[in-house]
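Q: Chains as they are written, first to last, in the UniProt record's numbering: chain X, 1 to 180; chain R, 1 to 180.
These are calculated hints, taken from the structure and not from any lab test. For every residue, glycine included, the Cβ atom is placed at its ideal position computed from N, Cα and C. One thing to keep in mind: the hints can contain errors.
With the C-beta cut set under 7 Å, the calculated list includes, among others, these residues of chain X facing chain R [stated by the list, open to error]:
1. Thr68
2. Thr167
3. Asp169
4. Arg172
2 protein chains.
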Amino acid sequence: MVPAGDNRPRYVCTQCATIHYQNPKMVLGTLPVWEDDGELKVLLCKRAIEPRYGYWTLPAGFMENNETTEAAALRETVEEAGANVELGKLFALMNVQHVHQVHMFYLATLRDLDFAPGEESLDVRMFTESEIPWEELAFPTIRATLELFFADRARMREGDAGYGFHTQDITRPMRGPEAS
Amino acid sequence: MVPAGDNRPRYVCTQCATIHYQNPKMVLGTLPVWEDDGELKVLLCKRAIEPRYGYWTLPAGFMENNETTEAAALRETVEEAGANVELGKLFALMNVQHVHQVHMFYLATLRDLDFAPGEESLDVRMFTESEIPWEELAFPTIRATLELFFADRARMREGDAGYGFHTQDITRPMRGPEAS
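Isolated chain X, as found in the complex (with noise of 0.2 Å):
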């Protein structure tokens, strides 16, 4: 039904009345990287769980009440990867329209390499620019995120003063109806 002074139905319940409004939930997660000796390697976690087991993300997670964004990129780096990090800037914020959801990446500097996969994650690994499992990407933000990251870090080769803050609308599914 159409609440009174409202313009769309919403969820109301038969009991009491409330009504249960509907918004897009937000994302929240991390880019970790580790630089040693000029090399830089992104952390990547194999999902332990359903929707795209065994495919590769950046830790990230739904934000909770009671949280910041910043606090909920952390708390989900913790629980998937036992990652210890230091946040960095906001990277990425992305519109993924036709499941409800808003995408944000931030920045992160692994602390050290004391990471365990978490409950959720199969598996926990450093991979370099090249090694990165482009077919084995859980989600279409991951890709989209990995690739901004890659193109900053090529223009700052060239002399470009540092990470941007991109926002982005991805608007199908990686493959098959299943990743969102």
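Go by the hints and put chain R onto chain X.
A: This is chain R only, laid out in the frame that chain X set:
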């Protein structure tokens, strides 16, 4: 109750066992400007609804499912101010943790001055920096966004490149518990 495999309590329907996750909501808006003969003015709306009835705000409201952050910002600008704007870059992202919200504001340029208050506004007006009713602003995220905007303008007058992207945590209400 805490669902299996989860780590925090959720609202679970006692009849059908549906889990109603409670996640932070996004509030999307714009900072619409009009520049004439070197003089810049910002559009503000006087709220016709609670909370903060009668106080001034940038056009903004809850993002709905099936729209992007840009589309939500544009929709709210039309609904509250009847304004015809061209959207610019995402300018500010503010965590308002204590009310479970994230507020985002896009820069926007008015295409004309044919705006008019919508149902949720008592009035819509243009303000130069010195005319902004700082003591009658509705929410701290509005004040912070306007302050960041004019600070960027001041830096630009001294040769800085352009508007930045800003993130900030808002940890307390403007004044009194009704203003979040």
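Q: Compare the structure with each hint and give your call.
A: Going through the hints against the structure:
| no. | hint | in the structure |
| --- | --- | --- |
| 1 | Thr68 | holds (4 Å) |
| 2 | Thr167 | holds (6 Å) |
| 3 | Asp169 | holds (6 Å) |
| 4 | Arg172 | violated (14 Å) |
When held up to the earlier numbered hints, the structure conflicts with hint 4 and nothing else.
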